[in-house]
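Those sequence lines, one after another, are chains A and B.
Those letters in the first sequence? Residues 1 to 321, by my numbering.
Those letters in the second sequence? Residues 1 to 434, by my numbering.
A couple of the hints might just be wrong.
Label pairs and their in silico Cβ distance ranges [unchecked claim]:
#, chain 1, residue 1, chain 2, residue 2, range
1, B, K247, A, N62, 47 to 57 Å
2, B, Q285, A, H9, 56 to 66 Å
3, A, G216, B, G369, 46 to 56 Å
Simulated pairs of lysine to aspartate or glutamate, EDC-like, Cα-Cα distance not exceeding 16 Å [to be verified]:
#, chain 1, residue 1, chain 2, residue 2
4, A, K228, A, E263
5, A, K46, A, D80
6, A, K127, B, D388
7, A, K165, A, D31
8, B, K338, B, D273
9, B, K315, A, E95
10, B, K315, B, E289
11, A, K127, B, D279
12, B, K315, A, D99
13, B, K20, B, D388
14, A, K133, A, D110
15, A, K45, A, E61
Beyond 10 Å from chain B on every Cβ pair, some chain A residues (computed) [said to hold, decoys possible]:
#, residue
16, P22
17, L98
18, H116
Think of the hints as simulated: they come from the structure by calculation, not from any bench.
Cβ atoms here follow ideal geometry from the backbone N, Cα and C, with glycine treated the same way.
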Amino acid sequence: MLNPQLNKHGELQHLLTTEGLPKAIINQILDTASSFVSVSDREVKKVPLMRGKSVFNLFFENSTRTRTTFEIAAKRLSADVINLNIAASSASKGESLLDTIDNLSAMHADMFVVRHSQSGAPYLIAKHLQDTKQNHVHVVNAGDGRHAHPTQGLLDMYTIRHYKKDFTNLRVAIVGDILHSRVARSDIHALTTLGVPEIRAIGPHTLLPGGLEQLGVRTFTNMDEGLKDVDVIIMLRLQNERMSGALLPSAGEYFRAYGLTPERLALAKPDAIVMHPGPMNRGVEIDSAVADGPQAVILSQVTFGIAVRMAVMSILAGTQA
Amino acid sequence: MNVLIQNGRLIDPANKIDSKQDLYIVDGKVAAIGSAPAGFKADRTIDAAGKVVAPGLVDLSARLREPGFEYKATLKSEMQAAVQGGVTSLVCPPDTDPVLDEPGLVEMLKHRARGLNQAHVHPLGALTHGLKGEALTELVELTGAGCIGFSQAETPIKDTTVLQRAMQYAATFGFTIWLRPQDAWIGRGGVAHSGPLASRLGLSGVPVMAETIALHTIFELMRSTGAKVHLCRMSSAAGLELVRAAKAEGLPITCDVGAHHVHLTDADINFFDSNARVDPPFRTQRDREAIRAGLLDGTIDAMCSDHTPCDDDEKLLPFGEASPGATGLELLLSLAIKWADDYAAAHGKEEALSRAIARVTTDAARVAGLAQAGQLGVGSVADVVVFDPAARWTVEGGALASQGKHTPFLGYELAGQVEATIVAGHVAYERNAS
């Protein structure tokens, strides 16, 4: 099977993952996003690129924040946006995922933005659209299980490019729960494609998945060693349910070993930036002094996130089947 | 009824026959090989020129889904699939609904199967009530009802004391326990082999040690209880290494592998293809090579279909939610031939096919303790398959009699087409039946 997110001309048909996404397409998305950043500064924050198109936000897993950013992005492109919180509707009535898709397709959806707790769910939808010859409908993965969160990965790339200009001389550290993180996976693939020479993953053995080395990642269990001389620090959110159990004994102990404090930040390069996909747990993975400090670019990520999602949606909408 | 199968290449590994011979069947039994018995007059003649004539296949694991899962498949559909795949004897695991833990249920299943007059069905009884791993079933009674062994199917026993008692009790009567080596905790909820691929795809993993830890426990209990164990669905190189050592030590074990695992690896999951969602999961290329080597040197006694028909509602789901299992009865012969073909490239063709047939006939029958099955000795029950080893067919839903249409081999072109299947002397399936 060919890469299901590209059409036969090698153009972006769906955005499912950053893995295997050609560098040229990543750069196209980042460049397009760059042109959209200023739209949000205008008095009338709209461009008519998706006028008349219907974007369905299908959230099989709750996430107000991500859904909102997609909604804003689609509205700034003048699309009609329909939000469906399916975690609380059809699925609980027993309707299957693909039945839901067929029903919404019959309402002439042009794009599905999908969040699902199961890795690979957007692939199932993309394949179903292909099998039912609905190639005019595009899928954007807004986070699937532990697998991928490509728009987050791309907005992270946009942020890094904004502050660091060049990817090919960077050391990037990703810290925390890599095992369960779709953001980490999407970042790792995009960073690799963009030519980052050293990607580090830092965390306890219980939160580092096997096989990271095969992805070209150096693993560190010691936070101080892992942060030494890095240019970019990407902190990951530690989910509440992981904070006590067999993976970690407590949030307090986690903070002592892996919390990003000003002292630890000082081990990185002086101009290192600190990123976080949000929402943050202050005092669990990051100290407030760092989160609010001059090296944090966390709110810029949010702003750029809108532009990157506008870029992804407008490029997909312009792709002919 | 007298049946003559003539001009075929007769392969009967148990009796060391691989030559052009005619086969004479009288009253459901093999009457003669080579020349006709006195006074023989054929009621039916099957011309097997250019074809192979072999013992009917013995499948060590086929789920017929009855009772309880008739929406997935029925006895009727799956028994038809069996003979269409050349399978004349099959062992079915007890994970039906209700579970096969009472003699009445086993008798009913056997009765229903007999009524269809197709393959011989040999149930495995549940080792514990409801497969819950707590209380033993009536092993003696269940044996009387027709069970050939006892199994936990896909549900490992958590309490090692219960497993120890079960093995002691089974050993008392000389019964064989069929276990899939799988730790009850490690890898629980996992859907793919733990490794770089599962990490990349964000799928929860089943590590190899889920198999090896269970094997260590089983072997240690065997040493103290003297129980006989058949290990089902081996999946890893490390596991096979342990089995090899245990066999060398003299422990009374046999083991099998699912036919899919002889050919596929975790890479076949591709982009979350739920048809490749199976238990145990497909592992690495190294593991697959070890499985092939194990089949060759006899560490693995037999290859089975691990037939598990699933319907669309169970498979058209995100990978982690899809039900495990694949349809297999109609692929078993072709997958055995595929192994033979791959092996023949290195070791010579004639012997390869004979060896592959042995792994799905005489060796499987030995494992299951079926003295009459898997061989064509004079006087034995005439279960025969006639197939064209070179004819190719494409695996498609429409080509399968099974109600289960999901297989990771969908779209593959495979060699080996069944021409006719004979069960106890009657023609149960003929491809070009007029």
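Hints, one by one, checked against the model:
no.	hint	in the structure
1	B:K247 / A:N62: 47 to 57 Å	53 Å, holds
2	B:Q285 / A:H9: 56 to 66 Å	33 Å, violated
3	A:G216 / B:G369: 46 to 56 Å	52 Å, holds
4	A:K228 / A:E263	12 Å, holds
5	A:K46 / A:D80	13 Å, holds
6	A:K127 / B:D388	36 Å, violated
7	A:K165 / A:D31	13 Å, holds
8	B:K338 / B:D273	22 Å, violated
9	B:K315 / A:E95	15 Å, holds
10	B:K315 / B:E289	28 Å, violated
11	A:K127 / B:D279	24 Å, violated
12	B:K315 / A:D99	14 Å, holds
13	B:K20 / B:D388	14 Å, holds
14	A:K133 / A:D110	13 Å, holds
15	A:K45 / A:E61	29 Å, violated
16	P22	17 Å, holds
17	L98	6 Å, violated
18	H116	7 Å, violated
The structure fails hints 2, 6, 8, 10, 11, 15, 17 and 18 (numbered hints given earlier, in ascending order).
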